[in-house]
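Asks: The chain contents come next:
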Amino acid sequence: MNHDFYIWMSYGMTALVIAAEIAWLRLHRAQALRRIEEERDLEAQD
Amino acid sequence: MNALEARGLACSRGGIPLFRDVSFALTSGEWIAVRGQNGSGKTTLLRCASGLTRFDAGEVLWNGQDAGTGPIAFRAQLLYAGHAAGIKDDLTAMENLRDALALRAGAPTNEALRGALAQVGLDRHRHLPARRLSAGQRRRIGLARLALDPAMLWVLDEPLTALDDAGQTIFSDLLQRHLARGGLALVATHHEVAPAPARELRLVP
Amino acid sequence: MNFFYFASPSTFYRLAGILAPWCFAVAAILGAAGLYVGLVQAPTDAQQGEVYRVIFIHVPAAWMSMFLYFVMACYGAMSLTFNTRLAAMMARALAPTGAMFTFVALWTGAFWGRPTWGAYWVWDARLTSELVLLFLYFGFIALGNAFEDPRRGDRAAALLALIGVVNLPIIYFSVLWWNTLHQGSSVSFKGTSMHVSMLTGMLLMAFAFWSYSIGTALARVRTIILERERRTRWVRAL
Amino acid sequence: MSAVAAGSFSGAFRWAFARDLRLSWRHPGETMLMVAFFVLVASLFPLGVGAEPQLLQRIGPGVIWVCALLAAFLSLPALFAGDYADGTLEQMLLSPHPMSGWVSGKIAAHWMASGIPLTLLSPFLALQYGLDAGTLTILACALALGTPLLSLLGAACAALTLGARGAGMLLALLALPLFVPVLIFGAGAAEAQSSGLSPSPHLSLLGAGLIVGAMALPAAACVAIRIALD
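Residue numbers (our numbering), protein chains in the order written: chain R, 19 to 64; chain P, 241 to 445; chain A, 10 to 247; chain D, 844 to 1073.
Do not take every clue at face value.
[Unchecked claim] Cβ-Cβ distance ranges computed for the label pairs, FRET-style:
hint, chain 1, residue 1, chain 2, residue 2, range
1, P, Thr267, R, Arg44, 51 to 61 Å
2, P, Glu299, D, Ala879, 49 to 59 Å
3, D, Pro1044, P, Pro369, 46 to 56 Å
4, A, Asn92, P, Ala313, 51 to 61 Å
[To be verified] Short, incomplete list of chain P residues facing chain A, as computed with Cβ under 8 Å:
hint, residue
5, Ala250
6, Arg253
7, Gly254
Read the hints as simulated data drawn from the structure, not as lab findings. Even for Gly, the Cβ is constructed at its ideal location relative to N, Cα and C.
With the hints as constraints, model all of the structure from the sequences given.
Replies: Have a look at this one:
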């Protein structure tokens, strides 16, 4: 019996989820930094 | 002789500092008016002083003992009235008053309740459910509670909101009586109240 | 007293910035080694065939999912008792990774179960309590984010984590009991004698996941610190 | 006027219990709606799965339990929300009595207004599902032991969601997973009885859970309320 499908689905989904989490972490951090930047700019204008 | 003292209180909400280094002292027969614009932290200060909100720095002392965590000896003497008065729409004025008193000290007799309601001008409305009362009349239930509760320390947040002139006079009389029997009061208000405060505490944002 | 009690967010931010890349590097190396041992070296299982290779991620992920919840509850307890900001932030930073591993454990369990048991999902005690665990993670994350004041969310979520960690064994045993009553024989892992390389692969993967979890938690806590402390002088100076 | 009797657990318990019962008595509509929901949902199941007597007998205890659980859950969001909004919780926290007294009283009142009507009604639904007399009795017993546990668990979760955005859905997400063991043992007791086994282990476990829950969960709810009022 060929089990490649099940193995690929398992490993593939794990890789996908880990990649998604890392991408989300980077996005989250970029957002936080951008927000700090914006607030700093706003204060500089005042 | 009772004394409430706050030293160097600081509090922030949601990461934004509200006030820093607020100190005051209050002894029997005195009251302090807390003033400040909207959003300057009056309510938070009162909540810190009564042990509801945790403060970042400083201490609150009741008769020299730490009161920041709300020990029983302090709570037994404290009457706090915030924006929301704890009044249930479905209960009558009489029931609301009795419940509010029983919650702290044990229910007084019906005559005492009636007397207090008459004193604040709610005698005719005492069997109406609170939902049928106006905002000012609901406030007056709170005044009747002030008249009956044996607590020595009042912490009141805007007690005069929605009260008419007669209501404000009733409040002044109650405050005067309270101070005369050695009570203390910490009151946040925008109004001028008849017995002049011993001190004013002005919060600047 | 613990380390976090003394560390201020600003010093911890820098420390985490140094540590996180190392954790990811270690995770990558261990993961590569684990995959090599698991997919190349380990022999084909006599009974299950190739599909048993799913356990190299399934079992470590299931371990991590439970372990991370426990660690999260410990940080929650710490933040409630000592009122430490950093412990609460760590608990919040661990939750998404824990939920991710719970999902991976469920998913790989389904794709392992289909060829071995003949069904993607069975109401097995382990699977069912893992599913409940996923909802506990979701509840933690949702409760933490449901308040205007992040400190409020921290404390409510910490208390929820404590209630959950007490309930988790109860849920597990109740489901186990229910399962034995209803199915008679529960599906189990036994029947395969484990080859040494299988165990090595699994342990390598477990350590890789461990290292990855620490890395993501540190990276996420850095972002949380930035968001919370964005009005302070040291963040402005970054 | 009576003197301040500080630190009275039973006084606080009685006050909160009597007041909440009085309030739900003034507004019987909510309890009625909950009861109607219970009966309605339980009556929908045969329409969905078919009316074979054997099938209904087999799924009956479980279905009735799930319906009771959902019905009891319906009234949870309002358990503390009203007192939170109108300031009563603040007064309770600042009163000289222990907070756990108020909270326990409120939970007991919640059970009186939700658990007891559901328990009393369950035999009629059990008849609809064709359960025999023994199973029906055990089902009612299991509900009598299990519904207070639902109220306790639900109260802790309801206190956690005070002031949260989307509190209702959030409460479902928090509380329903924690209800799992109660459901398993409660429905298990009736099923064991109907399949000729002894239901007593299930009932003892429910009872043990109830005792532990009654001691620990009000305290957890108190901590949650303190957090909410901070």
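Asks: Assuming the hint says 51 to 61 Å, is it satisfied by the Cβ distance from asparagine 92 of chain A to alanine 313 of chain P or not?
Replies: violated, 24 Å
Asks: Is the gap between the beta carbons of threonine 267 of chain P and arginine 44 of chain R within 51 to 61 Å?
Replies: holds, 59 Å
Asks: Can the suggested window of 49 to 59 Å be confirmed for the beta-carbon pair glutamate 299 of chain P and alanine 879 of chain D?
Replies: Since the Cβ atoms of glutamate 299 of chain P and alanine 879 of chain D sit about 54 Å apart, the hinted range of 49 to 59 Å holds.
Asks: Is 46 to 56 Å right for how far apart the beta carbons of proline 1044 of chain D and proline 369 of chain P are?
Replies: holds, 50 Å
Asks: Was the hint right that alanine 250 of chain P lines chain A, CB cutoff 8 Å?
Replies: Nearest chain A Cβ about 15 Å off; hint violated.
Asks: Given glycine 254 of chain P was flagged as interface, is its beta-carbon under 8 Å from a beta-carbon of chain A?
Replies: Holds - the Cβ of glycine 254 of chain P comes within 8 Å of chain A, reaching about 4 Å at its closest.
Asks: Under 8 Å is the threshold here; is the Cβ of arginine 253 of chain P close enough to any Cβ of chain A for the hint to stand?
Replies: holds, 6 Å
Checked against the numbered hints above, the structure breaks hints 4 and 5 and satisfies the rest.
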